[in-house]
Amino acid sequence: MTVGTLAALAVLAPFAAAALGLPLGRVLSASALALSGTFLAAALGILVASFAAAAPARVWETAAVLTPTGTIPVTLGVLVDGLSGTVAVMVALVALAVQMYSVGYLRHDPRYPSYAALVSLFTAAMLTVVLAADLLVVYAGWEVMGICSYLLIGHRWERQANSAAAVKSFLMTRFGDVGFLFGIFVLGVAAGSFRISDVLAAVPELPAGTLLAATLLLVAGVVGRSAQFPLHTWLPDAMAGPAPVSALIHAATMVAAGVYVVARLFPAFEAAPVSLNVLAVLAVVSMVGAALAALTAGDLKRVLAYSTISQVSLMFAALAIGARVPAVGHLLSHAAFKALLFLCAGAVIMMVGSSLLTDLGGLREVMPVTFVTMTIGFAALAGLPPTSGFFIKDALVTAAEQAARGGPAPVGAATAVLVLGALLLTGLLTGAYVTRAWLLTFFGPPRARFQPVHPEAPPVMTLPLLALAVPALLLGFGGLNWETLRPQRDSALLSVLLAGIGVVAAYAGWRADPVRDPAVALGRLRGLFATALHTNDLYERTVARAVRRLATVVAGVDDRVVGRAVTGVGRGARRLGGVIRLTQNGNPQFYLTGLLAGVLLLAVGVVLLT
Amino acid sequence: MHLIYPVVLAALLFSVGIYGVLARRNVILVLMSVELMLNAVNLNLVTFDVWLADVLRSGQTLALFTIVIAAAEVGLGLAIVLLVFRNRSTIAVDALRELADRDAGEVLNR
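Protein chains in written order, with the numbering used here: chain A, 1 to 610; chain B, 1 to 110.
Pulled out of the complex, with its shape left as it was, chain A reads as follows (with noise of 0.2 Å):
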């Protein structure tokens, strides 16, 4: 078997499971069916990525031409090196962990089949984002990851709220779905074909136009996937559905496609600097914006959900100046502890049945396991050694530092500068909301009334914690064959002193009084961060009221254009029907006279004509 099935074959395998779950989850056993799908998936992946690992330099490709269809051709097939290998493998290994432990999370819940189903199906559909080898194939899976996060953030659709996020998160993510499936068209018309290879192979003799606007608008797609300003809105209200898709979600899949999406492509993007100068500012907004969003968010979830927006920026900024390495690096770091974080954010929702930080605290006795995986969690967010996240933060920053002194990047000095700026800042951001949260979370006294349970929680759900932990440890020193991700003195230095100093601020507000929200000192700063400096109701004011008022004049025109004009044919049929009613009287004879007088017609008529 070549590589390019085994490939092949790791996408089905999830797809396989979820075709099978969906009708026949309450027959077989649903979790056994997801798990051993997500398992074979993960197999395979590992297997291929092996592959790819032993020949760097070498690409597997695979192509099948489906319908012709007359112009340029939609191929079928996979693409697999070094990049799509790894990520494929981080995908496979996360929805694994998700799955187990949605096993425990989710035992009472009646819908669980489905839910397992369409969790195999979003890493289908991840999976042959990250490997085909088609554009318009990695739209398809795109577009499936789409349809599963709407269903999967409205998993408890009876309550209004959950279901107005569901909506939310694919109405805006299918907003800039628009751009990115036009930026596909031009790249692949201007290239004569879709595939990425061909596209990539064509980009030195693409005119700059041409380059500017497909990039721009596959900056459009990827920004409102990945949830990045002025789309990022419906991320924070996506904490609806249950925590193992939010994990699903934040670390392996939606807003991961955009990042991985913008380094398969980059060779593109390094073409048409504009277009990265332009995600380089998106992305520094959206890293400070939602870092301090994070400082004051009432909410554990939605803290999480604002880390991971100021996370996927620090990736975005990297691809921006130029690092792809180092981006790559933190979207596979980012997903271990990320997924970490949202499985223990679950865990603490099952114990504590709430996930506002106002009603945990000094949970750290009562949940040792939760306590030690999510500080290690907690930990790589904030890049502080010996974690993951340190070794990829430190190489982003020396990255930036190198672009701002004038080192080879496809961006000018002034926009390293800034995404340097910005780094530094958000560093510092981090270390503060990481350390309020975890502080929050596990110490202090506990503030709601819950019954402590022993053990927190079955070995089926606490195994993933342990198994991401790892990773999320120690995968920065897997990172140091490469010369990019090696730590530099100083920008290491520089980030660990930053972070160390929100950590310090943020543990002596709390240190004054337990019992309070350290964001408080932030006064009345607070309310304006945590609404992520109003920009929801902005849309809300503008977008959201536009809309609604267009949708009134549709409705208004529905109803009395269409609709009246539908009545106005009833009416005047029946109008009409009225006149050829007088003729049925019920009279017989009159009938039968009818009839003579028609025969009669016809017999003159014949006798005439002939």
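Read the hints as simulated data drawn from the structure, not as lab findings. The C-beta atom is built at its ideal place from N, Cα and C for all residues, glycine as well. Check before you lean on any hint, since a few could be wrong.
If we take Cβ atoms under 7 Å as the criterion, some of the chain A residues that face chain B in the derived model are [claimed, not checked]: (1) R364; (2) Q584; (3) N587; (4) Q589; (5) L592; (6) T593.
Take a look, some chain A residues computed to stay more than 10 Å from chain B by CB distance [unchecked claim]: (7) A213; (8) L216; (9) I349; (10) P514; (11) P588.
Here are the simulated distance ranges between beta carbons [claimed, not checked]: (12) A:G594 x B:R86: 22 to 32 Å; (13) A:L592 x B:G75: 18 to 28 Å; (14) B:R86 x A:L600: 32 to 42 Å.
The hints should help you fit chain B onto chain A, whose structure is shown.
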């Protein structure tokens, strides 16, 4: 005998029958008119059978068939008339308008 006499007689009988079916109000008279029409047809059948000198005598055979069927039809018709009269105490054709088309609402409400 010339062909014209029986044919004209048949035509006259048929016309009287048609007039009776279309114009009479009494159902029994309508039935009798139908009989007149049938017998006009019978007369035609026999006439043309003789005139064409058909070896198989198909015209006369068919006339016998018609007589039998007419007898059955009258029996059935009179039975219906009897029942209608018992139910409604009238056998005026134009008074029996149960099957007339009425307003849709009126039909639905019944």
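Each hint, compared with the structure:
no.: 1; hint: R364; result: violated, 73 Å
no.: 2; hint: Q584; result: holds, 4 Å
no.: 3; hint: N587; result: holds, 5 Å
no.: 4; hint: Q589; result: holds, 6 Å
no.: 5; hint: L592; result: holds, 6 Å
no.: 6; hint: T593; result: holds, 5 Å
no.: 7; hint: A213; result: holds, 61 Å
no.: 8; hint: L216; result: holds, 61 Å
no.: 9; hint: I349; result: holds, 57 Å
no.: 10; hint: P514; result: holds, 75 Å
no.: 11; hint: P588; result: violated, 6 Å
no.: 12; hint: A:G594 x B:R86: 22 to 32 Å; result: holds, 30 Å
no.: 13; hint: A:L592 x B:G75: 18 to 28 Å; result: holds, 22 Å
no.: 14; hint: B:R86 x A:L600: 32 to 42 Å; result: holds, 37 Å
When the structure is compared with the earlier hints, violations turn up for hints 1 and 11 and for no others.
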